[in-house]
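Colleague: So you can see what is in the structure, the chains are spelled out below.
Protein chains: 2
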Amino acid sequence: MQPHELSLAEAADAIRARRLSPVELVDSVLGRVEEAEPHLGAYVTVAAEQARRAAAEAEHEVAQGCYRGPLHGIPMALKDLIDVSGMPTTASSRVRAGHRATADSAVAARLGAAGAILLGKTHTHEFAFGLTTPQTRNAWDPGRVAGGSSGGSAVAVASGTATFALGTDTGGSIRVPAALNGVVGLKPTYGLVPRHGVTSLSWSLDHVGPITRTVEDAALVLTALAGHDPRDPASLSAPAADYRPGPATDLTGLRVGLPRTYYFDHVHPQVEAAVRSAVAQLEALGAQLVEVDIPMTRYIQATQWGLMVPEAGSYHEGSLRTVPERYQEDVRILLEASELMSAGDYLRAQRARTLMRAEWARMLERVDVIAAPTVPMPAVRADEQTVTWPDGTTESVSDAYVRLCAPANITGVPALTVPVGHDAAGMPIGLQLLGRPLDEPTLLRVGHAYQQTRPGPRGHTVRSRVSSPSP
Amino acid sequence: MQPHELSLAEAADAIRARRLSPVELVDSVLGRVEEAEPHLGAYVTVAAEQARRAAAEAEHEVAQGCYRGPLHGIPMALKDLIDVSGMPTTASSRVRAGHRATADSAVAARLGAAGAILLGKTHTHEFAFGLTTPQTRNAWDPGRVAGGSSGGSAVAVASGTATFALGTDTGGSIRVPAALNGVVGLKPTYGLVPRHGVTSLSWSLDHVGPITRTVEDAALVLTALAGHDPRDPASLSAPAADYRPGPATDLTGLRVGLPRTYYFDHVHPQVEAAVRSAVAQLEALGAQLVEVDIPMTRYIQATQWGLMVPEAGSYHEGSLRTVPERYQEDVRILLEASELMSAGDYLRAQRARTLMRAEWARMLERVDVIAAPTVPMPAVRADEQTVTWPDGTTESVSDAYVRLCAPANITGVPALTVPVGHDAAGMPIGLQLLGRPLDEPTLLRVGHAYQQTRPGPRGHTVRSRVSSPSP
Numbered sequence: 001m002q003p004h005e006l007s008l009a010e011a012a013d014a015i016r017a018r019r020l021s022p023v024e025l026v027d028s029v030l031g032r033v034e035e036a037e038p039h040l041g042a043y044v045t046v047a048a049e050q051a052r053r054a055a056a057e058a059e060h061e062v063a064q065g066c067y068r069g070p071l072h073g074i075p076m077a078l079k080d081l082i083d084v085s086g087m088p089t090t091a092s093s094r095v096r097a098g099h100r101a102t103a104d105s106a107v108a109a110r111l112g113a114a115g116a117i118l119l120g121k122t123h124t125h126e127f128a129f130g131l132t133t134p135q136t137r138n139a140w141d142p143g144r145v146a147g148g149s150s151g152g153s154a155v156a157v158a159s160g161t162a163t164f165a166l167g168t169d170t171g172g173s174i175r176v177p178a179a180l181n182g183v184v185g186l187k188p189t190y191g192l193v194p195r196h197g198v199t200s201l202s203w204s205l206d207h208v209g210p211i212t213r214t215v216e217d218a219a220l221v222l223t224a225l226a227g228h229d230p231r232d233p234a235s236l237s238a239p240a241a242d243y244r245p246g247p248a249t250d251l252t253g254l255r256v257g258l259p260r261t262y263y264f265d266h267v268h269p270q271v272e273a274a275v276r277s278a279v280a281q282l283e284a285l286g287a288q289l290v291e292v293d294i295p296m297t298r299y300i301q302a303t304q305w306g307l308m309v310p311e312a313g314s315y316h317e318g319s320l321r322t323v324p325e326r327y328q329e330d331v332r333i334l335l336e337a338s339e340l341m342s343a344g345d346y347l348r349a350q351r352a353r354t355l356m357r358a359e360w361a362r363m364l365e366r367v368d369v370i371a372a373p374t375v376p377m378p379a380v381r382a383d384e385q386t387v388t389w390p391d392g393t394t395e396s397v398s399d400a401y402v403r404l405c406a407p408a409n410i411t412g413v414p415a416l417t418v419p420v421g422h423d424a425a426g427m428p429i430g431l432q433l434l435g436r437p438l439d440e441p442t443l444l445r446v447g448h449a450y451q452q453t454r455p456g457p458r459g460h461t462v463r464s465r466v467s468s469p470s471p
Numbered sequence: 001m002q003p004h005e006l007s008l009a010e011a012a013d014a015i016r017a018r019r020l021s022p023v024e025l026v027d028s029v030l031g032r033v034e035e036a037e038p039h040l041g042a043y044v045t046v047a048a049e050q051a052r053r054a055a056a057e058a059e060h061e062v063a064q065g066c067y068r069g070p071l072h073g074i075p076m077a078l079k080d081l082i083d084v085s086g087m088p089t090t091a092s093s094r095v096r097a098g099h100r101a102t103a104d105s106a107v108a109a110r111l112g113a114a115g116a117i118l119l120g121k122t123h124t125h126e127f128a129f130g131l132t133t134p135q136t137r138n139a140w141d142p143g144r145v146a147g148g149s150s151g152g153s154a155v156a157v158a159s160g161t162a163t164f165a166l167g168t169d170t171g172g173s174i175r176v177p178a179a180l181n182g183v184v185g186l187k188p189t190y191g192l193v194p195r196h197g198v199t200s201l202s203w204s205l206d207h208v209g210p211i212t213r214t215v216e217d218a219a220l221v222l223t224a225l226a227g228h229d230p231r232d233p234a235s236l237s238a239p240a241a242d243y244r245p246g247p248a249t250d251l252t253g254l255r256v257g258l259p260r261t262y263y264f265d266h267v268h269p270q271v272e273a274a275v276r277s278a279v280a281q282l283e284a285l286g287a288q289l290v291e292v293d294i295p296m297t298r299y300i301q302a303t304q305w306g307l308m309v310p311e312a313g314s315y316h317e318g319s320l321r322t323v324p325e326r327y328q329e330d331v332r333i334l335l336e337a338s339e340l341m342s343a344g345d346y347l348r349a350q351r352a353r354t355l356m357r358a359e360w361a362r363m364l365e366r367v368d369v370i371a372a373p374t375v376p377m378p379a380v381r382a383d384e385q386t387v388t389w390p391d392g393t394t395e396s397v398s399d400a401y402v403r404l405c406a407p408a409n410i411t412g413v414p415a416l417t418v419p420v421g422h423d424a425a426g427m428p429i430g431l432q433l434l435g436r437p438l439d440e441p442t443l444l445r446v447g448h449a450y451q452q453t454r455p456g457p458r459g460h461t462v463r464s465r466v467s468s469p470s471p
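Protein chains in written order, with my numbering: chain A, 1 to 471; chain B, 1 to 471.
For the record, the hints were derived by calculation from the structure and aren't laboratory data.
Note that the Cβ used here is the ideal one computed from N, Cα and C, for glycine as well.
You may find that some hints are simply not true.
Stated by the list, open to error - Sample of chain B residues with no beta-carbon within 12 Å of chain A, all distances over it, derived:
#: 1; residue: 17
#: 2; residue: 39
#: 3; residue: 223
#: 4; residue: 244
#: 5; residue: 264
#: 6; residue: 291
#: 7; residue: 317
#: 8; residue: 331
#: 9; residue: 455
As the list claims (entries may be wrong) - Between beta-carbon pairs, the in silico distance windows are:
#: 10; chain 1: B; residue 1: 98; chain 2: A; residue 2: 392; range: 41 to 49 Å
#: 11; chain 1: A; residue 1: 340; chain 2: B; residue 2: 49; range: 52 to 60 Å
#: 12; chain 1: B; residue 1: 365; chain 2: A; residue 2: 298; range: 45 to 53 Å
#: 13; chain 1: A; residue 1: 318; chain 2: B; residue 2: 333; range: 28 to 36 Å
#: 14; chain 1: A; residue 1: 85; chain 2: B; residue 2: 289; range: 51 to 59 Å
#: 15; chain 1: A; residue 1: 34; chain 2: B; residue 2: 339; range: 56 to 64 Å
#: 16; chain 1: A; residue 1: 340; chain 2: B; residue 2: 230; range: 34 to 42 Å
Starting from the given sequences, assemble the full structure and let the hints guide the process.
Modeller: In structure tokens:
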């Protein structure tokens with residue numbers, strides 16, 4: 001196996017044991033970037049020289065016996081909404097022409113302190129306001145969407161051009177591209193990972209989190225990211241914790257909530273089958289299945305958009321007046337729509353959120369996690385704008401991809417997506433696990449148990465072929 | 001001294017020592033209600049029979065050696081926004097005709113469990129949306145405003161028709177009437193006292209708190225009120241505490257911030273003189289004075305109104321459509337104005353609040369409390385709509401009364417008003433003490449030290465004359 005194919009945990013073990021040097025690992029990943037990136041378009045910027053210098057330094061530190069922990073010498077990519085001192089934060093937008101960050105974001109600083117090596121910045125749907133990331137191609141089929149908005153990060157991790165990456169998630173933007181590219185994505189509890197220095201889409205829904213090849217890897221990254229930062233007004237003061245899950249795969253005593261409503265409505269049958277088969281595996285590991293009714297489902301879409309659109313409009317107010325022509329049309333229209341919203345509309349969404357949080361808290365007293373699809377259908381072709389369901393209902397692709405992710409943004413509960421198979425066209429399918437606020441340990445334990453016990457030779461796959469034709 | 005003239009602490013000591021029975025105390029206060037209430041209009045409802053029965057029961061409990069603590073057998077009044085099971089919550093509004101609460105509010109339940117005896121419900125400016133409480137007359141001069149919106153509660157405490165009362169405070173509604181009637185009012189830290197079962201004006205600014213004759217009394221009531229309740233989404237999980245201040249009056253080491261800006265602008269000279277003289281007393285007790293500059297002062301008014309108006313409009317949306325004619329005109333106009341506000345206006349106010357909170361936290365690292373006037377002028381005559389300052393500036397009475405109170409609502413910091421003298425017309429003046437979030441103990445210690453050491457025979461006065469002519 002090539003070093004660029006290793007999971008973070010595997011690479012970390014090899015580096016700590018000095019079986020692998022950070023220089024070899026970074027060289028391998030940069031070689032993969034050279035080979036695959038022209039076909040993928042995952043990166044806005046690759047900082048190869050800077051990464052090689054950092055790798056040499058990391059190697060030197062290890063040789064001196066100074067090992068910083070599991071991220072030491074691991075090459076990673078940051079969604080290009082995340083500030084790194086001295087680099088532009090483009091947000092994949094012409095609006096940011098000439099931008100240069102003067103300080104590290106909280107998460108970039110924490111990853112740097114943990115020894116991770118920045119390879120580059122990855123594409124986002126412009127300012128994170130979309131679900132496809134049109135600049136980037138799906139790692140499994142270049143004719144299909146990468147998903148978004150953290151499309152570049154998910155494709156980089158899936159294709160071996162980064163060992164892990166960070167994304168942001170306002171309505172599914174970590175989980176959607178992770179699911180569509182067959183990797184793991186974690187949207188942590190609202191407020192657990194500080195957002196200082198990260199471009200905002202909608203501050204009451206925005207989250208930063210890891211995209212990785214395995215659940216264990218997500219836990220290792222979360223351990224470095226979590227913790228209070230007073231510069232983010234929503235940052236929680238939860239104590240630091242080690243999120244790495246233990247090796248036990250026995251789930252006896254765990255109550256898995258299986259939604260009777262909402263999460264299996266208008267879902268592709270192959271997605272439903274793969275998710276139910278994964279849930280059966282959790283049951284085989286000892287979990288008890290409990291049917292649950294998702295509360296207030298008819299308010300989810302209005303609440304998500306009712307919060308997101310005005311907050312995004314408020315954030316972009318200045319540049320929308322001065323340089324509207326620099327936005328892509330889809331994003332500009334959404335931002336302009338915010339000017340038509342009344343304070344009353346926004347407050348109705350805020351009040352619905354408060355009620356939904358309380359109802360979800362009540363539901364999560366009865367079960368430990370909820371298991372559901374991450375998205376209702378795998379990656380669509382890049383030219384598809386809508387999806388039509390068997391009952392004749394038509395839905396925009398964006399609405400469909402947001403639909404099953406939004407509840408975790410509105411309520412702030414943590415949500416993890418784990419790959420659980422492929423559809424007939426070979427496109428990946430994601431299982432979503434949702435849990436109680438700050439109960440990431442349970443989500444990660446369940447996801448890790450699943451990955452350790454699922455049939456097949458390994459816990460993760462790097463998509464080695466590039467530009468394979470669509471079947 | 002008549003029992004109705006006792007402070008809560010004095011009455012509690014006498015009840016515990018069996019020198020006074022709850023029945024005698026309640027009878028004395030009800031006698032005072034009969035005498036004074038026709039001239040004051042403080043009460044919406046007096047539940048005399050119910051109070052007498054509760055007093056007999058409280059007396060029986062004490063006789064059996066079951067003493068619940070300092071509120072046991074103490075007669076009190078609740079602002080008529082606060083639900084009591086089986087009674088209407090009128091909000092002093094025709095909109096609430098036929099209303100009946102089916103459960104106790106969190107604070108009514110806590111006071112009941114502590115042994116306090118409900119005398120009745122007091123007038124509020126309709127739905128708390130105003131600063132005068134037109135139904136109620138000032139306890140010191142019937143030709144002047146009671147202040148609002150908790151006007152009935154403050155007048156009841158000042159005139160001896162309740163030993164203590166609760167009010168609510170969204171832009172000064174506890175502190176303004178307390179200051180105008182010469183009593184103590186405490187707006188606690190946002191989230192410290194749960195609001196479940198209390199009619200909302202503006203949920204991100206609303207607070208419930210005590211109105212009492214002394215600072216010590218306010219501490220005794222706060223001890224019974226504070227603590228988490230999951231039914232209020234903003235309720236903090238601060239641990240229970242005994243807020244009663246110790247007897248020490250030495251303030252050595254205390255840093256008192258004296259505002260160089262904002263709090264002494266457009267303030268009546270007699271108010272300024274009384275406040276500065278009270279501050280000199282704190283200095284004489286050992287406090288160190290530190291000049292502070294209040295941050296972001298030009299955003300205060302827009303932020304207060306920008307949050308309050310849309311939230312109030314959202315709360316009243318239904319009845320404003322169905323029964324607009326049942327509102328008083330002043331309140332209806334403010335509620336209708338909310339329909340003209342955009343989501344962007346509201347979000348600007350929310351963002352300004354976030355910045356103000358951070359700036360205030362920074363300022364409150366340098367000082368322990370801030371000392372300032374509570375309101376810029378004493379109670380105006382009931383027919384005055386505006387006030388004109390020496391530089392020719394004209395301001396509405398409402399704007400003037402909100403102006404110095406709003407920062408504590410916006411930032412959520414605790415604020416205590418303490419009577420510090422009278423103007424030439426004999427009308428009371430209030431000193432406002434503001435502190436760090438959850439640092440009520442320091443505010444109460446400073447206010448209590450002031451009241452124990454100020455010149456004069458007693459710590460509080462009940463206004464015994466009623467319907468005295470204006471001088």
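Colleague: State for each hint whether it applies.
Modeller: So, going through the hints one by one against the coordinates:
For residue 17 of chain B, the condition that its CB be more than 12 Å from all CB atoms of chain A holds, with the nearest at approximately 45 Å. Taking the minimum C-beta to C-beta distance to chain A, about 41 Å, the non-interface status of residue 39 of chain B holds against the 12 Å cut. No Cβ of chain A approaches the Cβ of residue 223 of chain B within 12 Å, the least distance being about 25 Å, so the stated non-interface status holds. Residue-level check passed: residue 244 of chain B sits 28 Å from the nearest beta carbon of chain A, beyond 12 Å.
Residue-level check passed: residue 264 of chain B sits 30 Å from the nearest beta carbon of chain A, beyond 12 Å. Once the 12 Å rule is applied to beta carbons, residue 291 of chain B is consistent with being away from chain A; the minimum gap is 26 Å. The claim that residue 317 of chain B lies off the interface is violated: its Cβ sits roughly 7 Å from the closest Cβ of chain A, which falls inside the 12 Å cut-off. Listed as a non-interface residue, residue 331 of chain B keeps its Cβ farther than 12 Å from every Cβ of chain A; the least gap is roughly 17 Å.
Here residue 455 of chain B stays apart from chain A, with its beta-carbon at least about 44 Å from theirs, past the 12 Å limit. In this structure the supplied range 41 to 49 Å holds for residue 98 of chain B paired with residue 392 of chain A, their Cβ-Cβ distance being about 47 Å. At roughly 56 Å, the beta carbons of residue 340 of chain A and residue 49 of chain B sit within the given window of 52 to 60 Å. Separated by about 47 Å at the C-beta atoms, residue 365 of chain B and residue 298 of chain A satisfy the suggested range of 45 to 53 Å.
Evaluation of the 28 to 36 Å hint for residue 318 of chain A and residue 333 of chain B yields a pass: the beta carbon distance comes to about 33 Å. A beta carbon spacing of about 42 Å between residue 85 of chain A and residue 289 of chain B contradicts the range 51 to 59 Å that was offered as a hint. For the pair residue 34 of chain A and residue 339 of chain B, the beta carbons lie near 59 Å from each other, so the given range of 56 to 64 Å is met. Checking the proposed 34 to 42 Å range against residue 340 of chain A and residue 230 of chain B shows it holds: the Cβ atoms sit about 36 Å from each other.
In summary, the structure is inconsistent with hints 7 and 14 from the numbered list given earlier, while agreeing with the others.
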